[in-house]
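Put together the whole structure using the sequences plus the hints.
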Amino acid sequence: MILRDAIRSLKSDKSRTFFYWITYFLTSLFIFLFFNIMMSSDKGMEIITSGKDMAATFIVVVVVVICLMCIQFANNFYVHSKGKDIAVRLICGATFTKVTAYLMTQTLIIMLMSIPFGILLGILIIPLMNTMLPAVTAAGITIGIHSDANLLVFILLAMIIAWSTAINFSFTYTNAAFAMMNNDGSDTAKEGSAISDFFSGMPLIAKQIIFGALFVIPIIFLFNPNVSRMAFSMLGLLGVWGVINYIIAPSITTSMNKTNLDKSKILAGNGFLRKDLVINKSNIMLFIGCAIIQISIIADRQGQAFDVMLFTFSFILMNCLLAMMIMFKTSTEQAGRTKFFRVLNQIGFQEDALKAITRNELVKLYGMVAGISLIYIGAMLAALYLNGELTIAKIAVMLLEMLVPVFICFAVNIFIYRKAVLTDLNKPL
Amino acid sequence: MSEVILEARNMKKIYNYRTPNAFEALHGINFTAEKGEFIAIMGPSGAGKSTFINNISTIDQYTEGSVKIKGTEIRTMSSNEIGTFRFKTLGFIFQDFNLLDTHTLFENIALPLSLADVKKSEIEPRVREMAEKMNISSLLHKFPKECSGGQRQRAAICRALINNPEIIVADEPTGNLDSANSTELMHILQKLNQESGVTIIMVTHDPLITSYTSRLVFIKDGNIERELARGDMSQDDYFQKIVELNAEESRGELKK
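Chains as they are written, first to last, in numbering that gives the first Met the number 0: chain A, 0 to 428; chain B, 0 to 255.
For the record, the hints were derived by calculation from the structure and aren't laboratory data. No residue lacks a Cβ here, since even glycine has one placed at the ideal position from N, Cα and C. Don't take every hint at face value.
From the derived model, a few chain A residues whose C-beta atoms are all more than 12 Å from chain B [to be verified]:
id, residue
1, Leu89
2, Ala93
3, Thr99
4, Met112
5, Leu119
6, Ala165
7, Ile166
8, Ile209
9, Phe220
10, Met229
11, Asn259
12, Gln303
13, Phe348
14, Arg358
Calculated lysine-lysine pairs in the PhoX-like style (CA-CA distance at most 25 Å, straight line) [what the hints assert, rightly or not]:
id, chain 1, residue 1, chain 2, residue 2
15, A, Lys363, B, Lys119
16, B, Lys119, A, Lys354
17, B, Lys67, A, Lys257
18, A, Lys97, A, Lys10
19, B, Lys87, A, Lys262
20, B, Lys144, A, Lys338
21, A, Lys338, B, Lys69
22, A, Lys426, B, Lys67
Put into structure tokens, the structure is as follows:
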């Protein structure tokens with residue numbers, strides 16, 4: 000019964016199911032490749048004693064955390080759309096355990112249909128990497144399928160399953176049936192934080208000066224080879240948070256209420272953009288933070304071909320997962336705007352105008368994600384170039400490795416957004 | 000002679016048209032609204048009130064018959080013309096306000112003006128003036144979720160009225176308000192109707208709310224079953240008649 004209902008539920012929204020599937024697929028592919036590449040080197044970590052290479056250990060921890068976070072956002076994206084379905088089940092007398100089992104069955108079906116395929120693709124890719132990747136041939140190492148790596152992959156996948164169970168259980172446990180029934184899928188989480196509460200009494204201009212300085216000063220220090228670039232970059236992330244909160248978001252408001260008040264598409268779209276940006280500021284910080292850590296490690300390991308390849312792989316992996324996190328977080332929020340777009344249509348916005356609003360909003364959002372990241376990461380790369388630690392060609396490749404996932408997620412996000420808000424536009428409210 | 004602002008002739012709405020599940024929700028309705036009228040649409044649940052109001056106001060497309068607003072047949076309009084027509088002629092008020100939660104009250108109210116290509120310098124004073132009238136000036140920088148139901152409904156009315164529409168279409172506008180806010184809203188709509196001559200067509204379940212209008216149209220099973228004009232009646236007498244009409248209709252159901 001539960002199995003039949005779960006399959007029906009998965010079929011009811013094919014695009015969401017597909018994106019949920021692809022998250023598990025890519026996550027399992029990435030972690031399989033990552034651990035097997037790492038274990039192929041005698042410099043890599045061992046399962047229990049990781050003391051040989053602290054950077055590798057550190058990256059493993061970061062990879063695990065990012066994987067779990069990405070799964071959480073993908074799960075939220077999928078489960079939020081099921082709010083009404085779950086609410087009806089709860090109202091009809093289903094217990095939390097039954098509802099969790101219902102959600103978990105869907106998740107497990109997705110996992111069964113994705114993880115084996117991800118690993119299978121990984122097994123097929125590994126021989127290709129041995130022959131096609133110059134870094135592997137140069138290092139004289141053969142990447143193989145390592146039993147320790149498989150054990151790690153198994154442990155991580157078990158963690159992902161446990162994590163998904165916990166997320167699904169907490170979703171049904173913390174949301175009252177009424178709230179789910181009336182929630183269109185938008186993220187209603189509190190947007191404030193301990194930092195914003197701390198600064199709440201301060202005038203805006205003071206906050207702008209403080210966080211502007213926190214944003215800019217670490218960039219200047221990045222060019223000094225004698226300081227810890229990583230430490231200053233991390234300090235700068237606080238600046239990134241403040242700049243988004245206190246400079247970019249208020250300037251969007253000013254542009255809407257003053258300069259572009261007579262431009263209907265900007266007035267409508269920038270309100271959505273402001274919300275997208277505010278809910279994504281932690282993800283943007285994480286995106287920049289992870290990139291900086293890995294660029295530092297890659298620069299540090301120049302000349303060690305295998306290490307460079309390993310950390311470049313983790314760099315690509317994390318850029319993909321973090322860009323996906325931004326996409327899922329934004330899509331979950333945007334799925335709750337179906338009614339807003341119908342309202343805009345009733346007020347007099349044509350479908351073409353609404354299409355333009357979705358496009359402009361996402362171009363600006365992903366443009367800002369890329370732009371803010373590029374200021375920091377660009378400064379870091381420029382500093383490394385000036386110091387002779389990286390060549391222009393390597394920098395260009397790294398920028399591509401960072402920007403391509405962002406661009407792909409932008410394209411997917413537009414598809415999901417339009418499907419959510421522009422279908423049935425003329426349906427009465 | 001009064002000017003006809005909206006006219007529906009033999010209007011039919013068939014859901015799932017030309018399918019085995021076809022369902023006729025409105026059966027050839029004839030309805031006329033004159034300029035400056037304040038009309039309440041009443042009827043039991045599922046009678047077709049919202050379908051009726053959606054089909055006479057460009058929100059939904061009727062299946063057969065004709066609907067003319069200010070002499071123009073809706074069906075002949077292109078989607079562009081309908082869009083322009085909506086923000087120039089019609090104002091919509093809904094039960095659950097339908098404000099954009101991502102936008103402040105100021106931005107919500109300014110939207111129809113920016114659509115109508117009103118000059119930038121004129122938008123802010125007009126929004127502030129309207130907010131002043133509705134007593135929400137101090138809330139303009141707030142987001143809808145930071146305001147009470149009554150405040151949100153007043154902001155929704157500001158948005159509906161900001162372009163000086165000739166017709167206001169309201170679907171259960173007091174449905175989510177307490178009695179004090181409902182009464183206040185009805186005074187606002189009544190004043191608007193009497194002083195500015197705006198035509199209002201409003202769906203409601205509540206006889207007391209209906210007593211603020213000038214005419215009652217009672218819909219049942221997709222037909223206009225009865226009509227009641229206030230004429231020279233006092234609000235109290237009119238209210239009494241509305242209650243009696245509703246009671247008779249309900250009693251008729253009991254006897255079936």
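Quick check for students: does the CB of leucine 89 of chain A sit more than 12 Å from each CB in chain B?
holds, 23 Å
Would leucine 119 of chain A pass as off the interface with chain B, using Cβ distances and a cut of 12 Å?
The claim holds: leucine 119 of chain A sits with its nearest Cβ about 43 Å from chain B, beyond 12 Å.
Should the label of threonine 99 of chain A as a non-interface residue stand, given a Cβ cut-off of 12 Å to chain B?
holds, 29 Å
Can we trust that alanine 93 of chain A is non-interface, i.e. its beta-carbon lies farther than 12 Å from all of chain B?
Its Cβ never comes within 12 Å of chain B, the nearest being 27 Å, so this holds.
When you check the alpha-carbon spacing of lysine 426 of chain A and lysine 67 of chain B, does it fall within 25 Å?
Status holds; Cα separation ~21 Å.
Are the Cα positions of lysine 119 of chain B and lysine 354 of chain A separated by 25 Å at most?
Satisfied, since the Cα-Cα distance of roughly 24 Å is no more than 25 Å.
Taken at face value, is the distance from the CA of lysine 338 of chain A to the CA of lysine 144 of chain B at most 25 Å?
Holds. Lysine 144 of chain B to lysine 338 of chain A sits at ~15 Å (cutoff 25 Å).
Beyond 12 Å from every chain B Cβ: check whether that's true for arginine 358 of chain A.
Arginine 358 of chain A clear of chain B: closest Cβ-Cβ about 17 Å, beyond 12 Å.
Holds or violated: are the alpha carbons of lysine 87 of chain B and lysine 262 of chain A at most 25 Å from each other?
holds, 17 Å
Any Cβ of chain B at or closer than 12 Å to asparagine 259 of chain A, or is the non-interface label fine?
Check fails; 8 Å does not lie beyond 12 Å.
Examine each Cβ of chain B, and state whether all of them lie more than 12 Å from the Cβ of phenylalanine 348 of chain A.
violated, 7 Å
Holds or violated: lysine 97 of chain A to lysine 10 of chain A, with C-alpha atoms at most 25 Å apart
It holds: about 20 Å lies between the C-alpha atoms, which stays within 25 Å.
Hint check: violations occur at hints 11, 13, 17 and 21; the rest are consistent with the structure.
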